[in-house]
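J.: Put the two chains together into one complex; each comes in its own frame, and the hints tell you how they fit.
This is what each chain is made of:
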Amino acid sequence: MIETTSAAPAPLPLKSRGEGGGRARTRSAGWTGALPLLVFVGLAFGVPAAALLGGAFTAGGAPSTANLTESLRGAYLTAMLSSVKLSAIVAVAGAVLGAFLAQAVVTSRLRALREAVLTASGVLANFGGVPLAFAWIATLGNSGVLTTRLGLGDLGWNLYSFWGLVLVYLYFSVPLMVLVIVPALDGLRPQWREAAQNNGATTWQFWRHVGIPVLTPTLLGGVVLLFGGAFAAYATAAAMVGTVVPLVTLQIADALAGNVLIGHENVALALSLDMIVVAGLVMAVYLPLQRRSARWLR
Amino acid sequence: MQSSRTRIVGLAAVLTVATSLGAACGSAPATGAQTGASASAANSAATATSAADLGGLDKLVEAAKKEGQLNVITLPPDWANYGEIIKTFGEKYGIKVNSENPDGSSADEINAVKTRKGQDRAPDVLDLGTAFALSGAKEGLFAPYKVQSFDKIPEGQKDAQGNWYNDYGGYVSIGCDAKRIPACPQTFADLLKPEYKGKVAMNGNPTKSGSAFAGVFAAALANGGSFDDIQPGLDFFKKLKAAGNYNPVESTPATVQNGETPISIDWDYLNSGYTDQFAAKGVDWKVTVPADGKYANFYAQAINKWAPHPAAARLWEEFLYSTEGQNLWLKGYARPVLLPSMQSDGSADAALVAKLPKVEGTPQFPTDAQVTKAKEVLAAGWGAAVSG
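Respectively, the protein sequence lines represent chains A and B.
Every letter in the first sequence is one number past the one before it in the UniProt record's numbering, and letter 105, counting from 1, is 105.
Every letter in the second sequence is one number past the one before it in the UniProt record's numbering, and letter 9, counting from 1, is 9.
For reference, chain B alone in the conformation it holds in the complex (with noise of 0.2 Å):
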């Protein structure tokens, strides 16, 4: 009797691995139908390194609008004005947009690269910190690429091959709810006033946040160090902790709006953002850029190599750097990295130039090498800083 029911058992269970595996079989020709059809059909998108090699913008237009969809991966839609670019060019070629875990991170990005060549729901394009985008392309994982306007992008801000170039940036910025706070801080020295006790957040922790990684250096800066030298910056965050007045809340639109991260140390664009976001909702959110830390960075755009849709790829990147593309980002209070090019021949929109957190002088950017030992200054040193 047990055993017959033991038999009966396995039986069951060997029915259903094997009705599974037939299962996963069934999909599998399907995927490898798709892909060959959209292979053959981009073939030549996938190897151009410009729109003429495809003979003009408009025969791209027509290759993209064949592939009819783009895979984004990281791009929150609250960030730098991201949503309403993603449904402009949507709406515009009518190219099906898929967007994949908008709060994600370039890690992951790189990531979904290297795992799901071949595939499907491989990421097109990607939007990179600038660390990633360097080592990404020593790794080869990317398609160079060549838009239209490449060569109005400020040198030192763009790869010579085109596998990458700056997209937009920002300042590190301090973020204050002035219906909570009586008097915002303007400086990173302000910060320290036992008047802000428990209120200085950040957009996270920087050893994992790009932003909270740049308000660390913008804290350097502000405190002696520069950018051969980092550590300034964790003493003062090491001050701040001790003076109470660290939140280690990370800032998000819905911490601000309820209040638990009245100051937030933030890209610009970002905080400028939230002013907008919530006027409506009695929230009086104030942007100042610190005089005495500011520290610039851009993110940059790439191309996979392994692209699904390589001419929707393509047109995103001209899309993203012609003047429609670059004065979205600006509404989103980003700086877009043709800016410089733009004020000069007039095609900036003025009123979103305007409206941008005021900063004196031109922006100075720490070379890689810098970067990369400031990283490990900073992993070493951050948790000791804040802990305890």
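The shape of chain A in the complex, shown without the other chains (with noise of 0.2 Å):
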């Protein structure tokens, strides 16, 4: 620090010669220190990634895209659309929901309650898989205690289907959300706000010129998180709708380790290979979003 500070007055080449070799040698030791992370990662994800991209593309013992083929029509193909409506509804939903609310937290008075919402969340977050179906189909199932009570049955209720995946995706996925979101609604300082009105803006213009394009890095983070969480959810559809709502996930399971499908695991590879692709496609999306409206945070 005192050394930046002294050096500061230097003349302007001097100076960035003299960061620029800092950089580096910083650079160079931090590598080294990232030796282990990267052995790691490239045994718990590499490793796999050969495995799944080999038997992706054997059939029969040879070589071929029949798999890749099969995996891209008919009701796997229709799983796979499923999937992804699912996940980016589930996603924007998700999003625009635990934004709100955690605005709505964070801009309260109430410590308690913000304390509350985040442990509330926290834990939330965290609840899925089978238990979480059966919450659901205890309280709102055909025979749940809220659908006989309040007789939703005949109102034509029913959870077992598209939209009632939805919902419970979002019970857990909402939570996500605010957890991810609260710190940068922390993070709009209170002097943009007060500039902003200082200078005759209404608060529709402060959030679209300022709160907005701030938030967009995170916003748009959190949708890819909740979308990646939806698009690999899988034990709690399999309890609760079964092959109601067609998912890639469900097929590959039934592909991979049934009672009833033989030789299909290949195909099961070729649509992990179809999910690595779509969520590249959606990193591919954000990636250029967020550098964009990423300079808002420094």
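These are computed hints drawn from the structure, not numbers from a lab.
We treat Cβ as the ideally placed atom computed from N, Cα and C, and that holds for glycine.
Some hints could be false.
[To be verified] Per the computed footprint, the stretches of chain B lying under chain A, defined by three or more beta-carbons under 8 Å from a beta-carbon of chain A, are:
{"no.": "1", "region": "113-121"}
{"no.": "2", "region": "124-136"}
{"no.": "3", "region": "202-210"}
{"no.": "4", "region": "307-313"}
[What the hints assert, rightly or not] With a Cα cut of at most 25 Å, we get these calculated DSS-like pairs of lysine-lysine:
{"no.": "5", "chain 1": "B", "residue 1": "59", "chain 2": "B", "residue 2": "92"}
{"no.": "6", "chain 1": "B", "residue 1": "238", "chain 2": "A", "residue 2": "85"}
{"no.": "7", "chain 1": "B", "residue 1": "241", "chain 2": "B", "residue 2": "373"}
{"no.": "8", "chain 1": "B", "residue 1": "373", "chain 2": "B", "residue 2": "305"}
{"no.": "9", "chain 1": "A", "residue 1": "85", "chain 2": "B", "residue 2": "241"}
{"no.": "10", "chain 1": "B", "residue 1": "117", "chain 2": "B", "residue 2": "96"}
T.: Pasting the structure below:
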């Protein structure tokens, strides 16, 4: 710290050269420090990825693209589209609802409310799988407590449908979004709002030109995170809707580990590869947008 | 300052990796030694194709006791009385039975055999769907072994070399909670009645669960299909879904008990097992084998070719195919493969036979080719039939 302040008045080229040299040195040292992590990532992701690629492009013992073709038609294609649709709806709805909830909590004067909501979010964001499915089945299933008490069945309520699954996924996605966005909302400086107000901006104008642009990276990150969570979810859907809502994760499980289908293992690997591609596409949309708006948070 | 800190972090990380590697190396020789010892002791058991090869059943018992352990996989305790079978076997011979992944599937079993060759924790014996037994035998994953009662197993329900043989089976049945359902359905046609809205479930989804697959086959037989044509079964479930009667929740003891799946298409031995289990809890569970869609199927036993406890694995098969073992399956409402011969020589427990759900006629089985074709049709069409 002291060194940099004393170097500040020095001529510009000298300073930049000095800084550059220092940065290079720290970077090389940093690389060796990160080596164990890189080795770990290489093993934990590289080996399965290689096995996945090898399997996906092998059919009947010979290299082939038959698995990929198979994974992109008929029931498998339906499942993939349904998965993407479900995840996209959950991601966008979850991000919007979560952002509003978080904003309400952040602007609230009640410290206890904030603590309670954040703690509850921490718990609920990790509540998933079969226990979650059974909690919903017991509450809102065909013979669930609320369904029978309120006579929801006669009103056409059906938990075991696409929208039922969206509702259940939102149950853990909204709290996750709250956890993601609260720090960013805390980072919106009150001075910016005061400055905007002093210049005669309305609340809408403040959000339109200052708030939302600053929050965009976090919002986008949240959407990507929720998309990934819903896209990869398996146990809840398996216990709750079976095949009524076709999902790619359920198809993979059927092909990979069942009592019925034999010899579909490599199609399952091809489906996994498709999932990776979809996730990659989502990231590809997110990254440039994120980079564009990230400068606001510096 | 900064760089020295990174160096410390790096050093710490390297140390962590080194320590964990060291720990891994330390444990490796122990496992190797164990495998070596058990392999030399049971060398002859690993290749024995009958108890006679080892000098009789007594010698087999001796060798199995020496191994002292048996690894079984995917045997749910509430499925065909497996809980009691495992317990009885363990107590009778003083062998510790390690039961792994009780809720797993046939595919899990085959995976475990393939990926754990030469490991101590590989499964010794397998209980497989017939199609998996056939494909596994083709791949050479099983050790051929003929139990003493091998000749009594009906033709067509065993591999000639003894790579696998059917163990127990049953019929597709309709279980029904008589407390919640005023008039229980007796046939597949009944299931379409409007009074069963949202109530008809299966044990899993038919592209994954063997019993649900059998349910679709039975529905096909009930609706003008045949072993060659499962499509009417898919059409039936499409109609069931359109009528609002299909309930996609996988039926388990828990969902049956709380009333979420008041009607469940499942193996008769599982449904009948629920009857006993729930009688004390106030659920009146009735089981019918529908007259319009009779479909029976058997599971198969096989021994892992690379079984870590080869003698215990063979003794387990001898136990299962003894009168005692077969009657234990019967006690779990399953129909053991030796039941016909046991009924003729009087060794089957008549009281247990009387408790089985009533079925007229003798069971027919589809051929392997017919099953394979039906599965392809199912895999392609099931999602379209019930989704939406």
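J.: Does each hint fit the structure? Answer for all of them.
T.: Hint check results:
{"no.": "1", "hint": "113-121", "in the structure": "violated (count 0)"}
{"no.": "2", "hint": "124-136", "in the structure": "holds (count 4)"}
{"no.": "3", "hint": "202-210", "in the structure": "holds (count 7)"}
{"no.": "4", "hint": "307-313", "in the structure": "violated (count 0)"}
{"no.": "5", "hint": "59/B <-> 92/B", "in the structure": "holds (16 Å)"}
{"no.": "6", "hint": "238/B <-> 85/A", "in the structure": "holds (23 Å)"}
{"no.": "7", "hint": "241/B <-> 373/B", "in the structure": "holds (24 Å)"}
{"no.": "8", "hint": "373/B <-> 305/B", "in the structure": "violated (29 Å)"}
{"no.": "9", "hint": "85/A <-> 241/B", "in the structure": "holds (22 Å)"}
{"no.": "10", "hint": "117/B <-> 96/B", "in the structure": "holds (21 Å)"}
Consistency with the previously given hints fails for numbers 1, 4, 8, ordered from lowest to highest.
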